[in-house]
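Construct the entire structure; sequences and hints are all you get.
Chains as they are written, first to last, in my numbering: chain A, 15 to 150; chain B, 15 to 150; chain C, 15 to 150; chain D, 15 to 150; chain E, 15 to 150; chain F, 15 to 150.
Calculated from the structure, these hints are not laboratory results. Backbone N, C-alpha and C define an ideal beta-carbon position, used for all residues, glycine too. Treat each hint with caution, since some may be false.
What the hints assert, rightly or not - Sample of chain F residues at the chain E side, in silico, Cβ under 10 Å:
#, residue
1, R21
2, T72
3, M78
Here is what each chain is made of, one letter per residue.
Protein chains: 6
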Amino acid sequence: MRVTVNRKAHFNAAHRLFCRDWDDTKNKEIFGKCSNPNFHGHNYELIVGVTGEIDPQTGFVIDMKVLKDLIYSEVETEFDHKNLNVEVPEFKDLNPTAENIAVVIWNKLRIKLSKDLDLSVTLYETPRNFVTYTGK
Amino acid sequence: MRVTVNRKAHFNAAHRLFCRDWDDTKNKEIFGKCSNPNFHGHNYELIVGVTGEIDPQTGFVIDMKVLKDLIYSEVETEFDHKNLNVEVPEFKDLNPTAENIAVVIWNKLRIKLSKDLDLSVTLYETPRNFVTYTGK
Amino acid sequence: MRVTVNRKAHFNAAHRLFCRDWDDTKNKEIFGKCSNPNFHGHNYELIVGVTGEIDPQTGFVIDMKVLKDLIYSEVETEFDHKNLNVEVPEFKDLNPTAENIAVVIWNKLRIKLSKDLDLSVTLYETPRNFVTYTGK
Amino acid sequence: MRVTVNRKAHFNAAHRLFCRDWDDTKNKEIFGKCSNPNFHGHNYELIVGVTGEIDPQTGFVIDMKVLKDLIYSEVETEFDHKNLNVEVPEFKDLNPTAENIAVVIWNKLRIKLSKDLDLSVTLYETPRNFVTYTGK
Amino acid sequence: MRVTVNRKAHFNAAHRLFCRDWDDTKNKEIFGKCSNPNFHGHNYELIVGVTGEIDPQTGFVIDMKVLKDLIYSEVETEFDHKNLNVEVPEFKDLNPTAENIAVVIWNKLRIKLSKDLDLSVTLYETPRNFVTYTGK
Amino acid sequence: MRVTVNRKAHFNAAHRLFCRDWDDTKNKEIFGKCSNPNFHGHNYELIVGVTGEIDPQTGFVIDMKVLKDLIYSEVETEFDHKNLNVEVPEFKDLNPTAENIAVVIWNKLRIKLSKDLDLSVTLYETPRNFVTYTGK
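Take a look at the structure:
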């Protein structure tokens, strides 16, 4: 009897899409205005899903306050009001696309969670674009 | 060719988190303000998903009106404007966490649906916290 | 050149509609299931609007962090996870309808704000019902 | 390491529910006001999900602009501001229920996408009714 | 001390934009695909606002159930699952733009409400287009 | 009989809060993490409201397509995927707070609209913070 518990969070950040293997012309050609060297930004909306058994005493899969605090310490303090390319070490050599940001967040949370819990990360880059990663 | 049909519904209720195995101090310690003995409450948003084959004549997996009426009779009339701990028999000995409410709703709907249909229940306790149960 | 700055906040609470002038039968007749003596509850969504001149140096009508903290101390700490009828002094003799809650919040915030600022309070009791009070 | 990329789109259309095997009385009996011969309509919200490996250079599963343009050419130009029963060939003999529209959209997009990508289609007929088809 | 109480409602309808003073070519030129003679449709979202004094006993400006029932009888039963041009008498000679629909709804509700109440009607034709009419 | 027509639009941008009258220490003290010299960013949601008489032939206050195109040419092409501080001339000497961005957008649109139309601009910086300017 496994239930998924989801918690929404939020961070604002600047980024640009940029591949180190390519010169500026190629980056501009592939990424268009998303590669603006002066950066642009987003309100990222994050949904973290944790799947597991319900504890018979608490009635919780995971205490929502514990999950909220984990997202805060692992994601919000690291990403909020930051320039992802310049200030977040994971993106020094990794293009901060929504796909890669979701995988980075998943990896940061995965090592903090008990192994009997499954994890999914959904990240909205805009209200119309979002990605999901489940580690599979 | 299986399609999932989803219907949203809504109910308001009061509850408190409370484990009968523990005294008030332990309940307060574990559940914090969610264990307020005077209760607090939520606008619960419910999404019921039913998966099955499309009927070639109606073009329906299930008639949405039938599903809407089922949610009304099984869930809304039982939970809406109620105190879950005091007035809903399923929670007399079960802590009304979002996880447990979702499982109770799933069980109530499951027995009313044909066996060739799969069922999922997603319950928003707040716009930022929600759970999903699929019976697996 | 006056601009309105709006901040959203959130609290969960239990309540019942109840008029002290009437007996239980009359309360039930007028308020129906909203008068359930065991209480029900809501996720209240609050939008506080503050209108004033833009400060030429900060570019702010009011620092959003100041407004957020004010809503937290005046409204969220007082109302969140509470039973409005039982635990919030303003509703000891006042029926906690959405209308009256909005007026109470407006009065609590009004005295904390500079007189050259205008104030509006919008309160969602459910996603389909909301009220606005501007002090006029 | 497979990630799902989702893109939202929108179209408005008129339709009526109608099964060619039945006379008007039977259609009216089964579909009620949804079978109004003068048609009614919806703002359809569409979410297209594409699952695949992240390209190590672009950081994309699929370029969101490519996906957006594909939805535009295959779905929006065909369905937007149209009468589905009268003007969209796929529904000449197929009842335009949300289920069937989702399958038709899935089939139109599937043949345009690389075979190593998985595809899901979620279609909101109203804010309260939506369906998902994944081709399984 | 006047408070505005708002109630959301919903109806689906087909329509086409069409001015009787013009021939088909001119209609097509002015209204484009919105003038499709086979109709298209929308999920209309309606917000009705009623402003007045709070009754000291009920704590209501207007009983939300009364307002909900009024919207149902005056608007939903008349417009829902209808073809506005063909089946709604008010639009026999009036182009069913969002502006005109809002004014028609306002007029239908205005005569049913006490004169000491102010009325506003907001109508969403799509999630991105909406209009407001206050009778001024 | 004046009606307000509203159109939603969207742009993504990077910015930092920064007052030229102050040194870095003072900027950091007043604006906190919003003054990060490497920038952060937002998905700005914009609602433009235009109030006027309904044209008796078109049934429009303003053709929504005209309004949409105006927002595109005046706002989206200038602000979308840009660094507001670095690339948008209006913010060379003006702090790009939500308040100031709303006033700048209002001024850009005002001169393009007929004088008998009233204009309002609402700008969401995040889903929880938004401002409105009406030119009064």
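To see whether the hints hold, each was checked on the structure:
Using the Cβ-Cβ criterion of 10 Å, the hint placing R21 (chain F) at the interface with chain E is satisfied: the shortest such distance is roughly 6 Å. With its C-beta approaching chain E no nearer than about 6 Å, T72 (chain F) sits inside the 10 Å limit, and its interface hint holds. Hint status for M78 (chain F): holds, given a least beta-carbon distance of 6 Å to chain E, under 10 Å.
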